[in-house]
Amino acid sequence: MTPHPAIAAVLVADALSAIALLAAMGGAVRVAAGWSPAAPGAAQLALERAAEEVSLAGRAALVLSGLATLLLILALNHVLPALIPGAMCGLGVLEAIPGGAVLLALRVAALAGLWTWAVIDKLDRANERGPLAPWSARVLLAAGALALAAALRTATSLLETDLHSPVSCCAAVIDLARAIAPQTALRLAGPWHAVVLAASGAGLAAWALRGLRSRRAAAALLGSTVAWVLLAEWVLLDVFAPYHYGLVGHRCPFCLFLPAQGFAGYVVHGALLVAILEAGALAVATACRSQLPAASHRRTVLAGRILTGALAIHFIASLLPLVVFRWRTGAFL
Amino acid sequence: MAFACRRVVLRPVRSGLLALAVLTVTLPLASGLLVLNAVEQTADRVVAAGPSLVVSRIDAGGWAPISAESAAVVSRIPGVAAVRARVWGILPGHEPVTVIGDPALPDASRLAVVGPGVGTGGEGSPLALTALDGRAVWVEVSSLLPSSTAAVARDLVIVPEGIARTLLLLPEGRATDLAVTSVRSEEDEALVTEIARALGYPVRVTTRAQMRGAFRSLTAQRGGLWLLFALPAILGLALVVGQVASGGPAARLEAGKLKLLGWTTWDVARLHLVEALVPAGLASALGLALSYTGVFGFGGGPAAALLLGFERIAPGIGLATEGAVLALAQVGAVVLLPCVLAALLPAARLAREDPADLLEAP
Amino acid sequence: MKIACEAVQVMAGEAELIRGVSLSCAAGELVLLQGPSGSGKSTLLSVMAGLRRPTAGQVTVDGMPVSRFTAHHRDLYRRRVGFLPQRLHLFEDLSALENALVPTLPRGGDPEVLLKARELLVRLELAPVGDRPVRTLSGGEQQRAALVRALAGGFEVLLLDEPTAHQDEPRVALIAALLEAERARGAAVVVAGHDPRLATRLGLARRYSLSAGCISLEAK
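Protein sequence lines, in the order shown, are assigned to chains A, B and C. The end of the first sequence is residue 333 by our numbering, with every number in the run present. The end of the second sequence is residue 1362 by our numbering, with every number in the run present. The end of the third sequence is residue 2220 by our numbering, with every number in the run present.
Possibly wrong hints are sitting among the right ones.
Within a straight-line C-alpha distance of at most 20 Å, the following computed EDC-like cross-link-like pairs (lysine to aspartate or glutamate) qualify [stated by the list, open to error]:
1) C:Lys2002 / C:Asp2062
2) C:Lys2002 / C:Glu2180
3) C:Lys2116 / C:Glu2156
4) A:Lys122 / B:Asp1267
5) C:Lys2116 / C:Glu2182
6) C:Lys2002 / A:Glu128
No wet-lab data here; the hints were simulated from the structure.
Using the sequences and the hints, build the whole thing.
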């Protein structure tokens, strides 16, 4: 398939990210293997300078990878549906892309990995001795491998996209949701789920803002945030989405990205992504507390605030159409 | 920023060459993609203004005239709002024209409305059209369509329906195709099978989505090819930028001096980055502005001729400007992102050197 | 701010450039480091400026072991140090005034530094040539331009290598007065050089002598 310019932009951004990553990972290998803080030899001085290059190139790779992911989402939702028969939104496009859902999950995981590295790197650079440098390098090697795999998978999948066979688009999701709902407790999804969501979100935010003392608590917060995100996604599609679409039973997460829905998808799903990333940052910063108490404390406070903000933004953006509908009509759907 | 700009001014030849390289890549790339995007948007507008579905009869030889009574059959299908039998066709020749029969024009008037590309002596002049059987048919040009319609109406000749039938050898009761307007566009796909079933003979039914998709596939393919061809130029540009950003042998000493004075690696890298991006950014902006002017102010320009296969540059095709900003942003990204990385990596490599080594270097 | 060297040793391959050097300079003190050419004065100053890491021992600033810092933090430490190297390392395309402002540019510049740089240019008799590229200046003028760069930033630590090189008698007096003013401001000033004219004009807290990499404290 000759790449559409929007696809070419994704591939170019991914290629540049891969170049920056390879440059960073080359240095990271040396840092991970040979770091010896305060050693006077030329080798350690060279490693310290290499660590700086790793930091710079790694951050460039993170930015470019994030940009490529954003371009991909824009292409999925706004450019490619017109080319694929039957596709109305990004979901239809993903059906036409071989392993489309896996591709998206891989990219999000890669971004999360690079973000985790960026948090460790920033904490390490706040300290004059660089105590976390070898760990930072190892995390970058792992996250970088994941990001390179995601970029390669993106390129092969996009270039193998089937532009001719029609897809069922949202119908597939609607049918799946109808099939799942009777088997789970969530078949009774309704306003009470929204109340549970709000209450649990407030609890999560309070927990994050209070500050964590142990690595176990931080890991528990991260796990709780992931669970809350999954619950939020379900409540969004089952309770709030009807008010976005003006239609009951349309459980498509991608149609929220369309202009007809005011690009709400970017806000509600973006907030969930930020929540997961900052919960991870909070966990990492707590784990580094013993070596970098001051810097870790500052980062955990910041992560707690951003996490709270993200949860609030998601909830408000999800709830707003319901409130407007109720105010205008005096009824619920 | 001011320091970087000062350094750009102090090295006019280097900065000028970099700007020229960026402009040389940006201008044709942006022109091509802008033309294709504009064609796509214009086609969308035209398709949106047209019928929901077009029904043509086909037989073993390909296209065949469809009976005008078929319109009544199709109009009775639930979901169809209106049906119109159309008389139109292409008259081949040295300068082919597309003839459209307009039932609103009285046959006796022999008046014609012509597009900007049809050779005439102007309003009120006679125009000779050659029918499919070789006969000459004369009409009088009553008005000319404006040149901005050239994209869709360049070779159009709108004549009374009777004259169109004479030219196209279409007898009464026959039409070229049926233009169908649906009640809801979401039901167009469902109407395809309904129409085929109702008519009972082989037909080709083309929906608006298919027409739109055909244009998009074409522009997407050509856009992708255009980018592929531009790729070597972009790589070459990245090499030029990298070379400029690395700064040569004197750059190592300069980086050492800056680190001596408390500049960090990121400060030095940022300086080199800004120093490369100031001329590159300005040149890129100039290239984008020139391409926008060329495409929308001068009717497409050489890029349109190359991409759309014109034998000569089409005079002033008016194209829709929606989506132009996004297309320009795409080009800016495709050109500038490699420049950013090409500037950043050597600058970072230079900046991370130890100042003691840099200052003691020969 | 107090800068101190604690048993600093610097090796270059097998050769020992500096051996077990200890010295200190507190805020408001002016310390002179004397010694013949090749004794290791410039090497010691570069270690104190964080350009090199000692093979043994350490350099501390207010108790913080700056010589053990990673490269990034040693770059940041140098923002607090006004350094005049023996090879001046000026930017030849820029004027003396512009050179004086370069250290503050990453932080967006400082109008007070600009004012002080202009004053220093006047006091060091560089005002008429202050806006010309430094490559057009004489050796003595370039030396004074580099000194302006080291002094204009109001740094907490001043490390000056041969500040009176290529200067005549009246200008040595000018420079000595400026160094005294910096000391009075509260900077820790370390001057390395073998110009006897400077030693007689400065109110020294201590005078060190460096010979073949070994240091000794001379009586005042």
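Hint by hint, here is what the structure shows:
Annotation: proposed proximity of Lys2002 of chain C to Asp2062 of chain C holds, straight-line Cα distance about 5 Å (limit 20 Å). Taking the CA atoms of Lys2002 of chain C and Glu2180 of chain C, the gap is about 17 Å. The hint holds against a cut of 20 Å. Taking the CA atoms of Lys2116 of chain C and Glu2156 of chain C, the gap is about 15 Å. The hint holds against a cut of 20 Å. A C-alpha spacing of about 16 Å is found between Lys122 of chain A and Asp1267 of chain B, which places the hinted pair at or below 20 Å, so the restraint holds.
Proximity of Lys2116 of chain C to Glu2182 of chain C is assessed by CA-CA distance (about 12 Å); at most 20 Å being required, the pair is judged to hold. For a cut-off of 20 Å, the pair hint linking Lys2002 of chain C to Glu128 of chain A stands: about 18 Å separates their Cα positions.
The structure meets every hint from the earlier list without exception.
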